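Peer 1: Listed here are the chains, written in short residue letters.
2 protein chains.
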Amino acid sequence: MVRIGIYGYGNLGRGVENAIRQNDDLELVAVFSRRDPATVKINTPGVPVLKAEEAEKMTDKIDVMIICGGSATDLPVQTPALAKLFNVVDSFDTHAKIPEHFDNVDAAAKQSGKTAIISAGWDPGMFSINRLYGGAILPDGKDYTFWGKGVSQGHSDAIRRVEGVADGKQYTIPVDEALAAVRSGSNPELTTREKHTRECFVVAKEGADKAKIEAEIKNMPNYFSDYDTTVHFISQDELNEKHSGIPHGGFVIRSGKTGANSENTHIIEYSLKLDSNPEFTASVLVCCARAAARMNGENTIGCKTILDIPPSYLSAKSGAQLRKELL
Amino acid sequence: MVRIGIYGYGNLGRGVENAIRQNDDLELVAVFSRRDPATVKINTPGVPVLKAEEAEKMTDKIDVMIICGGSATDLPVQTPALAKLFNVVDSFDTHAKIPEHFDNVDAAAKQSGKTAIISAGWDPGMFSINRLYGGAILPDGKDYTFWGKGVSQGHSDAIRRVEGVADGKQYTIPVDEALAAVRSGSNPELTTREKHTRECFVVAKEGADKAKIEAEIKNMPNYFSDYDTTVHFISQDELNEKHSGIPHGGFVIRSGKTGANSENTHIIEYSLKLDSNPEFTASVLVCCARAAARMNGENTIGCKTILDIPPSYLSAKSGAQLRKELL
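In the order they appear, the protein sequences are chains A and E.
For the first sequence, the residue numbers in the numbering used here are 167 to 493.
For the second sequence, the residue numbers in the numbering used here are 167 to 493.
The shape of chain A in the complex, shown without the other chains:
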């Protein structure tokens, strides 16, 4: 059994808890929270909720700590600190800062002799693996990543900061024509606007100027101005009823050539269609926890990413079983 702790109990932490229950070789030992443990109700009977500070007393009871904080401010601090005590897994997803985060976590884990797996999930994560496989197999080619249809938390937050907006949700949607062009193997050059559209469902405060809200959203730099954006005004009830989910997904497509004269085209496509973004991410984190325990047992120390994990280490099945059943 791999004994697991969950550090941080939001959507992602709850997803990890549910995912652990789907795996007979994994055991949830404790949930750690910065909130008052008495106020945190979890789904697994008999498992304690402890204050975050108590983690350091549990080093002999937990094989892998899955850290479920946010990438902006939590993980840059939590992952290096916890890697001094535990094997850890996180879902750090600020792409531009991954090298820096890697170095910080690597130094901590090497000092403690632990194994740390960072940036697990689907992007970074499974999408990264597919970009890697595609590029390695078809070096004479090009890869494309499309996101959606799905809810972008960052863009939804941006909408909600607009004056006069009470609530809002934003969907990122890949453009069908762009997907078709990529799948044709023509290796098109696509602009930001050609790849994705953005659809916003906005609840306006009473008496707010809707035309002004719409204009402000559509012209918002970085978030919306480079995209074709649609804004729908709806009621809070309709938003709650129809847009409370956190679906997401997307596509990684590699198109490449082979042959004596590059005469043959190949298309590799990987896609995800997820009802719940945090629950799927949690499911990846849980597999990585299994791998982290095994790698540490083999003395593979320091910071790793999902790109460094032999696929078989993610599975509960033995090598012989995998060869017989899946190869």
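These aren't lab readings, by the way, just hints derived from the structure by calculation.
As the structure is a prediction and not an experimental result, all values here were calculated from the model.
Warning: the hint list may mix true and false statements.
Copies of one chain are not kept apart here, so a pair can be met inside one copy or by any two copies together.
[As the list claims (entries may be wrong)] Derived pair list, reagent style SDA-like, types lysine to any residue, alpha-carbon separation capped at 20 angstroms:
#: 1; residue 1: Lys376; residue 2: Ile400
#: 2; residue 1: Lys223; residue 2: Ala238
#: 3; residue 1: Lys408; residue 2: Arg326
#: 4; residue 1: Lys490; residue 2: Thr210
#: 5; residue 1: Lys378; residue 2: Asn388
#: 6; residue 1: Lys439; residue 2: Leu345
#: 7; residue 1: Lys223; residue 2: Val243
#: 8; residue 1: Lys207; residue 2: Gln277
#: 9; residue 1: Lys276; residue 2: Pro265
Assemble chain E onto chain A, guided by the hints.
Peer 2: Structure of chain E alone, referenced to chain A:
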């Protein structure tokens, strides 16, 4: 530079030769053939074609031998024999016999201190990896593999053995309705007949009984009788003109549930659309050769499959580059 030998020079061997040229860190050292080397023309200037028996004299010049024989009779003998001399990669694809082949190659490679990677390609190979990832991430689920549209060599051979048939080609085609049902997340139970159809293009010998040929094909056990099969009679010219390619591909789809009450469905789909089956397989073999050289350098000895290879080992890029560019 990883110095590579090609053992066997048919469609697959030619594909490996072309793929090596796409990778700056790989070098083709020699091609080995059972034919008279004087009769074998290869595409790479300055590279010698040698008799198969001469391989054993080249152990200090070749880092990895890519074995391009057939799975029926060549590889079961060649891979264990060559693993006593070289790091090797093969594409052994008789699924039911993989455990036995693994054991034979493992014993040979452990004796010599070499690294052997067997059953690389796309199925077994990339499809296997995707079945593994899907099952590890979504244990409460089901996976489906569809093949095609593509040419099945085994079924084309079976057609050509029918009395009165001069030539023929068979396409395996996934059924759209079955794909749609799987993508819906309903986890359908599908029969063999519901998943694929088979389409045959047949050139009849002069005076042959076409109705008899058609009936014999459609009722052939194992190959066709469990499928809805269509037979088209065409001329040799039309067969040559329109059906000389070796396209293939297919789909691996994992559908699974997460959540406190299994309320969320996720669909993971991996698909390939390949103009040339052997050239794509060759491209996978070449990445595996890179990994075999690196694993042997790290003293990872014995038989491995693509399920055991850290994805990053397939790439020519460094870990830092991969984290920065792809993660």
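Peer 1: For each hint given before, does the structure comply? Return the numbers of the non-compliant ones in rising order.
Peer 2: 2, 4, 8
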